[in-house]
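Respectively, the protein sequence lines represent chains A and B.
Each residue of the first sequence is one higher than the one before, counting from 7 in the numbering used here.
Each residue of the second sequence is one higher than the one before, counting from 7 in the numbering used here.
One or more hints might be untrue.
It does not matter which identical chain is used: a pair holds within one copy or between any two.
As the list claims (entries may be wrong) - Once the Cα atoms are required to be at most 25 Å apart in a straight line, the calculated DMTMM-like pairs of lysine to aspartate or glutamate come out as: (1) Lys406 / Glu52; (2) Lys396 / Glu264; (3) Lys406 / Asp418; (4) Lys406 / Glu131; (5) Lys399 / Glu369; (6) Lys399 / Glu52; (7) Lys406 / Glu44; (8) Lys396 / Asp148.
Read the hints as simulated data drawn from the structure, not as lab findings.
There are 2 protein chains.
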Amino acid sequence: MSEQRVIRPTPISGFPEWLPEIRSVEQRWLDHIRAGFERYGFASIETPSVENLDVLMAKGETSKEVYTLHRVQEEDGDDSEARLGLHFDLTVPFARYVAQHFNELAFPFKRYQIQRVWRGERPQEGRYREFTQCDIDVINVDGVPLHFDAEMPRVVHEVLAGLDLPAWTLSINNRKVLQGFYEGLGISDPLAVIRAVDKLHKIGDDGVRQILTEEGLSAGQIDSCLELARIKGADRSVVEQVAKLGAESGLLSQGLEELAFVLDSLSDLPEGSVVADLSIARGLDYYTGTVYEAAFDDDPGYGSIVAGGRYENLAGQFIRRNLPGVGISIGLTRIFAKLAAEDRLPAGRTCPTDVLVVVPSDERREEALRTGALLRGRGFNTEVFHQASKVGKQLQYASKKGIPFVWFPPFDDGRPHEVKDMATGEQGEADPALWERPAS
Amino acid sequence: MSEQRVIRPTPISGFPEWLPEIRSVEQRWLDHIRAGFERYGFASIETPSVENLDVLMAKGETSKEVYTLHRVQEEDGDDSEARLGLHFDLTVPFARYVAQHFNELAFPFKRYQIQRVWRGERPQEGRYREFTQCDIDVINVDGVPLHFDAEMPRVVHEVLAGLDLPAWTLSINNRKVLQGFYEGLGISDPLAVIRAVDKLHKIGDDGVRQILTEEGLSAGQIDSCLELARIKGADRSVVEQVAKLGAESGLLSQGLEELAFVLDSLSDLPEGSVVADLSIARGLDYYTGTVYEAAFDDDPGYGSIVAGGRYENLAGQFIRRNLPGVGISIGLTRIFAKLAAEDRLPAGRTCPTDVLVVVPSDERREEALRTGALLRGRGFNTEVFHQASKVGKQLQYASKKGIPFVWFPPFDDGRPHEVKDMATGEQGEADPALWERPAS
């Protein structure tokens, strides 16, 4: 075609991209999720894609995954970008947002945030470097009522129920239960145990046992930790199961009470949709109470599709106020990409056009444009074919793009308009000022 | 509150962020723009925020503004991110997308893309480092009918007309007119002149004269170039004005024909909304024909709020096919941020909640939750107050958040539900299964 060098584009690993027919389904999902969040009164915010690095690094663990920004040609002495990193979640930016705009917000502040986040992980199944998260969170001054801990899974359950996903289960735990239990066993560094137990599903009992042995725990302590992690249940019975293990502490009692309250509040959800699972720890350091995690029932190893929890000290890093919060995040890309790869998404459309108006000849173009404008004004997504050409070619275009109706403006003055239903092949007279799409 | 160090968050220059009541207006605008694009049959796509650097650099000028990605702790030997940069517009990624998915797309491929883009510019009024663009483009195999050049401004005009903006004008030109005219004057490097004329509004006649003198143009050639740049008009009369300047070339004739065709096709738009302005050049190298640029009438120096044009050779860099395109971009953030700063946006809401259900006591919580679920099921965005507390406090919350209706479930069994209209103060009996929002 030309002598110039061709730069063959290649997909960038970990950065998903969809064809229009898949994107149309994703867009429908996003609209659905957003409407579901607003149904519960969560307000939309967006934050910049970047934060100052000291904000992103305020709580440590994921630091190595942060992408920093640099300019191709940085000017001498201008290192203003050197401090910027792409956010790796939406919770830290939200906490920063609340602290920064504290005086302009009404509390409790309920927000949703649907944005892309970035993590410099090694790409693998279910792990992306750029992905979209759909978060709801509440932050309040001095205290967040426990009712919100129960509202989070309810909203997510309601929203995802409308997306016809494969069966999934939301597991709930409480960090106070874990920490209080380990304290009750006389363990000096409960956080280290939480981090080890968080790996249980990946490395198994033996792996955890090895780490905890290295941490200096006794065989008895380790047995108790592993026994706790085996406890599951959909109701208050988990409290008694924990009690039987013998550890006692004030924090443990408080955590169990909170966990039981959340389970009670969600008891009207369909059976099996929510379960207490005392092995759930959530690796991120900032959770302090309730924690959530959901996975597909038939593929738990795929990774969590929903996650979240309560954090008491996140926003307080950025302002001298006590601003606890609780929130939950739907890992949209992770869910969506799996279903797309397995061809389990509902059919999408390659274009949003309802009606294609045929242009039989340049003389009839004006009439076609008027018809198109009329149909658009009545709410139909309408294309006027881009050039006068054979009708067969225009029908072929409609068929290729999945446009359901083809409109024939009069070929001669005085003749009527006609419309063809591409699904049934039926064609008949129609008035563009009155036509309604037939019920399918 | 605590002994820990507080990291005071500061706004990051060039990265805008909105309070919820502003964001709600932005969201409404985005929905409106998207619906307007779909009305003309453009399909949604999104591309990753990053591209390989060689894709971004394929056409040169903006290279110094590209942000590249790096990890905080890059592992030895893993330089896979070193080649990634954030996209600086949506046209280059779109061209790459079409080339990459060529065999899976139906042509002419009409897409819209509403995404953030990044440019490492020095922040100043109207210039952001992260901003949202709303683009429509058509790419076709071997040729894009000129009708699409006319469709682009029409769609943008229709979409922006619904946003109640301050007066603005879309200027149109054609690169072939400029290049053909300069060639007709015997100028050897027309692109250099285009780049100089592109600066006319910033540096004035004298500035352009100086650059062109340095380029080796004669005083007569420079006079002609500046005379051409002074031509403006809403119709074919511009063609005669150009003819009077005496330069002649095949490319010039072709460009004038195209320009006149586009003007003719848009003659039904309200007077003054579109004007041919032969000073418009658009700096970016990739435009080859029609170019568009719009600015606010009362603040032309603020910068272009809409821009675009025809590019013959963009997608062809990525595949051995001839894939010309034409497109236009609405600079949403630039428009929106100006109106926000000048307090000219319509009023937005701090939260989407229609109804707040009062929880007078913990015993009545169940009833409140049932009422909330019922109202949600009927399509009302509904919050149930997060804890049992004094009714006055709950009314205050509704008032602070601008929630229009407060619902009182029965305080005692057998008593009726009541709803209070916060705007009028009226309160009366209501059935949650039947209630409709009064027409305002």
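Checked hints:
| no. | hint | verdict |
| --- | --- | --- |
| 1 | Lys406 / Glu52 | between (37 Å within a copy, 21 Å between copies) |
| 2 | Lys396 / Glu264 | between (71 Å within a copy, 24 Å between copies) |
| 3 | Lys406 / Asp418 | neither (28 Å within a copy, 63 Å between copies) |
| 4 | Lys406 / Glu131 | neither (32 Å within a copy, 46 Å between copies) |
| 5 | Lys399 / Glu369 | within (18 Å within a copy, 69 Å between copies) |
| 6 | Lys399 / Glu52 | neither (45 Å within a copy, 29 Å between copies) |
| 7 | Lys406 / Glu44 | between (37 Å within a copy, 18 Å between copies) |
| 8 | Lys396 / Asp148 | between (71 Å within a copy, 18 Å between copies) |
The structure fails to meet hints 3, 4 and 6 from the earlier list, while all remaining hints are met.
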